[in-house]
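A.B. asks: Read off the chains here:
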Amino acid sequence: MKSWLVIGQYLPGNSFIHRLDPRTKLIIIFSFVCVLFFANHWTGYLLFTTFTIVSIVLSKVSVPFLLKGITPVWFFIVLTFFLHILITKEGEILWELGWFQVYEAGLQRSIEISWRLLILVVFTSLLTLTTAPMEITDALESLLGPLKRWNLPIHELALMMSISLRFIPTLMDETERISKAQASRGVDLKSGTLKDRMYAFIPLLIPLFIGAFKRAEDLATAMEVRGYQGGEGRTKLRALQFSNLDIIAAIGYVIVLILFIYIRQ
Amino acid sequence: MEITFKEVSYTYYPNTPYEKKALHNVSFHIPSGAFVVIVGATGSGKSTLLQHMNGLLQPSSGKVSIGDYQLPITSKKVSLKELRKRVGIAFQFPEHQLFDETVREDILFGPKNFGIPEKDMEHRLQEVIHLVGLDEELIERSPFELSGGQMRKVAIAGVLASKPDVLVLDEPTAGLDPISRVEMMELFSSLHRLENITTILVTHHMEDALKYADYMIVLSNGRIHSKGKPVDIFNNQDALKEVQLLLPESIDMFHKLNQTFDLNLSYRGQSPFDLAKEIISSLGEDSS
Amino acid sequence: MIKFQDVSFRYRDTDAWVIDSLNLTIKENQKVAIIGKNGSGKSTIAKLISGLLLHELGHIYVENDQLTPENLLDIRKKIGMVFQNPENQFVGMTVKEDIAFGLENRGVKREVMLEKIVDILEQVSMLEYIDREPQHLSGGQKQRIAIASAMVLEPKILILDEATSMLDPVGRKEMMSLVETLHNRKPFTLLMITHELNEAILADRIIVIEKGKVVLDGTPRELFTHHNHALDELGFPAPYTIQLAKGLEKNGFSLEPFPLDQEELISALWKLHLKR
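Protein chains in written order, with our numbering: chain A, 1 to 265; chain B, 266 to 553; chain C, 554 to 829.
I should point out that these hints are in silico values taken from the structure, not numbers from a laboratory. Fair warning: this is a prediction, and the values are worked out from it, not measured in the lab. There could be a bad hint or two in this list.
Claimed, not checked - Here are the simulated lysine to aspartate or glutamate pairs, EDC-like style, with alpha carbons at most 20 Å apart:
| hint | chain 1 | residue 1 | chain 2 | residue 2 |
| --- | --- | --- | --- | --- |
| 1 | C | Lys709 | A | Glu224 |
| 2 | C | Lys649 | A | Glu224 |
| 3 | C | Lys726 | C | Glu675 |
| 4 | C | Lys630 | A | Glu176 |
| 5 | A | Lys236 | C | Asp672 |
| 6 | A | Lys195 | B | Glu284 |
| 7 | A | Lys68 | B | Glu284 |
| 8 | A | Lys190 | B | Glu284 |
| 9 | C | Lys726 | B | Asp503 |
| 10 | B | Lys346 | A | Glu176 |
If we strip away everything but chain A, and leave its shape as in the complex, we get (with noise of 0.2 Å):
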């Protein structure tokens, strides 16, 4: 029933961006990621916007929803503008306050930096909003998969993690019926010192662990008796496959890449 509250915030839709394979979006972002630390000019600023922009559209996400679901990250990036002017003092000094001064290259960095932070969480936030954990994860699976020659436990990795994901509402619930519960036997979470709290938990965290380790057991043989043996001969349903769109999506981003390139030098 809590499930809307897990981070990530799914939202299932049926845009351009929804419809992309999630191993371009996982791609696409990883790089893109690395090249905006490369921006040293307005112009590459406006060209790496733009394209956040165009992102946003084509996810038909709509815009205060994810200006909402980026809300905790405000303060690192109103953070990093306050550090980033306050540490550097280079070039004019355009402000003065007692010690306190502001710095026009100060400014500049400050500006760039937390403009870059709020375009990498913008994009981080639209892959979650985009693709369904489990995409994510198959997407993982397939590009970590050369590792697996090396005898990384790949497979297992992912099927960790999509069992992880399937039980985070049922483990959500769990909390709430057992806080509830013990609450009912007169624990108070909510008034008392520190160390009141903290002990508070313990009748909480007891119950949620022992209740997880039995499911975990339960899982473990409802999967045996199924006849999983491991990651070896498996086949899968969930297939991953680009199409057309990929290609559109992969020709745009190259398109941008090189405006970039061209702009630096």
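Go by the hints and put chains B and C onto chain A.
C.D. replies: What follows is chains B and C alone, placed relative to chain A:
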């Protein structure tokens, strides 16, 4: 303690896309010392209703009064803790709330939180373990070493140890075998009779509703569908079908017999043996 | 076919036997209910058949093959199991994915998989839920999916290990009638582990387990006609209808055959009524 709900509504996640109205204008009165059964299909709002009884949830609109306590709480002086001490709730599968190192500690966890003096503790512990029928040898063991049935008893003992005036039970016998089920229901019934505890039971076992309750509330889609004596409600069988509830096997049998043989048998809690006698005599009259 | 020959099992060497020289033969396509109180060892039997627990003494045969640690995986392919907690056996993110899990493990091709999933969901009347997530299903619906997930692998034996014990009465009834329908459509050996006598009556045969041994074994009719008292003593009081039938017998009515449900009781009474 008497309990009164006056036009209580409750909405989960108001003003979000996930808004869900779980209770609609629910009103009823439970007199002190009554044994009330609440029935309804899964998702009918039973659990939401129960959580109002010790202030885990507060009504979105309407008023709940439990003895002297009023929800929503308007005065700062009234603490929920005090209310929770007097209204004990055993949730479904209460053994999932066990956590302490020993059975003793776990049972006394509630009383400790509610500030029961240390000198009374041992007495209470002894009292409740005998009530629920737990072996005295088990009290120093870890609750997690016990069988499922014993864990259930420990959890129930933990609720009883605070000596509540009102006992709220959410399917306390779920998953128990028939004998343990009867034992547990007999325990609640005798507590109700001897200690005059107001008992509110949510159950899917219609036979239990029929056998133990003086009053029954039927919930459907967050509204009160009907309330009254269990026998009267069960006799109106068509009404129960629309809320997806099954009749107790005994009452169902009465209806079928009456219909098929055009008889006038009525359920008064008679044993199957006595009913057999009645059937024979009425069938006999019929043919003479 | 399942056969237990002097099978014993305990968790640790120092513990008492949970299953104590058990002998049992279950014929192909038979519907068998195993009942017993909590802790009687009834669930252990299910886990021994599927090799989730390994027996210490004796022999277990499944479909004529003796169960050994070596062929355990092959034997398991013949068995489908549904467990108690609906939540804890739902592996996939959605209904479709959960049913696919077993098929994926067997390396079934994707296209075949999709066909099979649709087919089995139709059989359990859950096709409209194909893309649902478990948190949006009721307990009863999750158990139907668990049955579908087991049956899609076409096992010879289906074991329901207290599979209805966490459901409400309507959910239970629906689940039992689903199993009945599936069995009528295409028979398989059915083993229901339960403590609900009402469900056990639907089987061809009821086996009562107490302290790891078989204490009663027979058709429901045999048990209620001849061993009613013993059942009662073992902690399984007869359902109301059967108590009423017993009451009629004690009052000098002989009911032939002994009725097991309301319909049978009414028709038996009807015959007597006409005779008078």
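A.B. asks: Would you mind marking each hint as holding or not holding in the structure?
C.D. replies: Tested hints:
1. C:Lys709 - A:Glu224: holds, 17 Å
2. C:Lys649 - A:Glu224: Answer holds: C:Lys649 to A:Glu224 is near 19 Å, not above 20 Å.
3. C:Lys726 - C:Glu675: With Cα atoms ~19 Å apart, C:Lys726 and C:Glu675 stay inside 20 Å; holds.
4. C:Lys630 - A:Glu176: violated, 38 Å
5. A:Lys236 - C:Asp672: Holds, at about 18 Å.
6. A:Lys195 - B:Glu284: violated, 36 Å
7. A:Lys68 - B:Glu284: OK: A:Lys68 and B:Glu284 at ~18 Å, within 20 Å.
8. A:Lys190 - B:Glu284: violated, 25 Å
9. C:Lys726 - B:Asp503: Holds: C:Lys726 and B:Asp503 sit about 19 Å apart, inside 20 Å.
10. B:Lys346 - A:Glu176: holds, 18 Å
Figure legend: structure checked against the earlier numbered hints; hints not met, in rising order: 4, 6 and 8.
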